[in-house]
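A.B. asks: These protein sequences, in sequence, are chains A and B. Just so you know, the working numbering puts 57 at position 57 of the first sequence, and the rest follows in order with no gaps. To convert, take the position in the second sequence, counting from 1, and add 1000; that gives the working numbering.
Please note that the accuracy of each hint is not assured.
Listed next, the stretches of chain A that the computed footprint assigns to chain B, with coverage defined by at least 3 CB atoms under 8 Å from CB atoms of chain B [said to hold, decoys possible]:
| no. | stretch |
| --- | --- |
| 1 | 25-38 |
| 2 | 74-86 |
| 3 | 89-102 |
Read the hints as simulated data drawn from the structure, not as lab findings. Every residue gets a Cβ at the ideal spot worked out from N, C-alpha and C, and that includes glycine.
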Amino acid sequence: MQTFDLAARGLRELNQTLHTLNGTTNQTAWEIVNTRGSHAIAVGVDAPLDITVRGTTGYYCAGMNKQATIRVKGSTGPGVAENMMSGTVIVDGDASQYAGATGRGGLLVIKGNASSRCGISMKGIDIVVHGNIGHMSAFMAQSGNMVVLGDAGDALGDSLYEARLFVRGSVKSLGADCIEKEMRAEHLELLEDLLRRGEADAKAKPEEFRRYGSARKLYNFNIDNADAY
Amino acid sequence: MCGIVGLFLKDKSLEPKLGAMLAEMLVTMTDRGPDSAGLAIYGGGGDGLTKITVQSSNPGKDFVDLDKDLKEAIGKPVAMKIKSTHAVLEFPADQVDAARSALAHLRPSLKIMSVGDALEIYKEVGLPKDVAQRFDLAKMGGTHGIGHTRMATESAVTTLGAHPFSTGPDQCLVHNGSLSNHNGLRRELIRLGTTFETQNDTEVAAAYVSQKLKEGQDLGQALESGLDDLDGFFTFVVGTKDGFGVVRDPIACKPAVMAETDQYVAFGSEYRALVNLPGIEDARVWEPEPATVYFWNH
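Using the sequences and the accompanying hints, generate a full structural model.
C.D. replies: Below, the structure is given as structure tokens:
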């Protein structure tokens, strides 16, 4: 286990150190201490590392992650795991706005609540939130899966494409073109796997969720709406 | 982008350290607002005295014998405390109107930063660390305070364009964001009798809140009304003589994080601003909900 003191050595050295591990196989276990709400911790990692961040972070923690498993033993500021490509990011506390935004792959787990715009424009990432999510979550979400054990805020899935949204609690309101859809066997199977990988299988069962997705009415120009333009 | 910090103390033993805690929080928010900084600090009050904080671009001239001249004009004792470009004048509370008109006559170039029993406002252009040093913020005590670091987006970088803004007795407001209907609202408020010092959008928000308070609303109601009447992006932190409030617009894209312990309620634009507060590890930390008014008072 390598321990990196962020307050003593600084952000540039941290991220440079992690970036140079690309393509190597040793030094895979890392612990980052003294985070003090700093921004951009462990951004752009591209190696199968196991990184534990001890403390609360600022903006963009674990952004653009590839391959690594990054565990945050605290809460995260805006944009955690933004544009993640692969790997896993697990936040023990809460996440601020736009968690997992534009994520293309991998798994983001938030054990507390996520704030507004969680999974905005997600493009293949899987997101499991143990608590609630805020307003405008999954706005323009294109693909991937979002699982919420708690409640969703206003305008869930507004202008949604093909991402699948599973919510166990209440949904304050659905966004434009987002509708509730039938839960089929394949979705229950998918949920079971996501709950297990999201360390939530002891808390919830697939049957307790409802599925939301796109009505696909905004996909194409509709001649009946011509007057509106 | 701008940075906001705020601290409302529940534990009296922390009061002598209020300025030191806030100054540190303010400097941490330099990245969010390096062009100007300001602090509103509340303390004292209830002693029958009122304070006017004035600012001068030529303090070496304006502040000479200002206390004596004011004393002569109002016929009551006046105490003066000079801090760089600012001076706090303290005198019997029933002399506020007399003092205001006397000041306009005695030193027409002075700008009034704040008026109130408890409030003092200090603000200048420059890096937050330099502003904090210039006014010796770290030595100030008090019950609650609000600080702001500014990155100007819609009006000039000047002392008067810096936050906090005060448009009513013991009232102040700081803002992260930008309003889009401030020109129309400004005209409406001018019609109702408000005078404005700047073209700044935040000054309109502060004046709006003051107007609502004048109409008889309490601070919570004034902030609720603001959610309907103010268009744009905002995270506001407001202060009154005994209270401290927070409200974010319904979109809530301007960041905000709060922490509460038995000793204090703290606000920061980022968690970084809070990391040195005592007991922060065990504080309840949360993000204020959009379009929701939060308020604490003594």
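A.B. asks: Against this structure, judge whether each hint is valid.
C.D. replies: Going through the hints against the structure:
Here's how the stretch 25-38 of chain A fares: 3 of its residues keep a CB closer than 8 Å to some CB of chain B, so the rule of at least three is met and the hint holds. Check result for the stretch 74-86 of chain A against chain B: holds, 3 residues qualifying (beta carbon to beta carbon below 8 Å, three or more required). Residues of the stretch 89-102 of chain A with a Cβ under 8 Å from some Cβ of chain B number 3, which satisfies the need for three, so the listed coverage holds.
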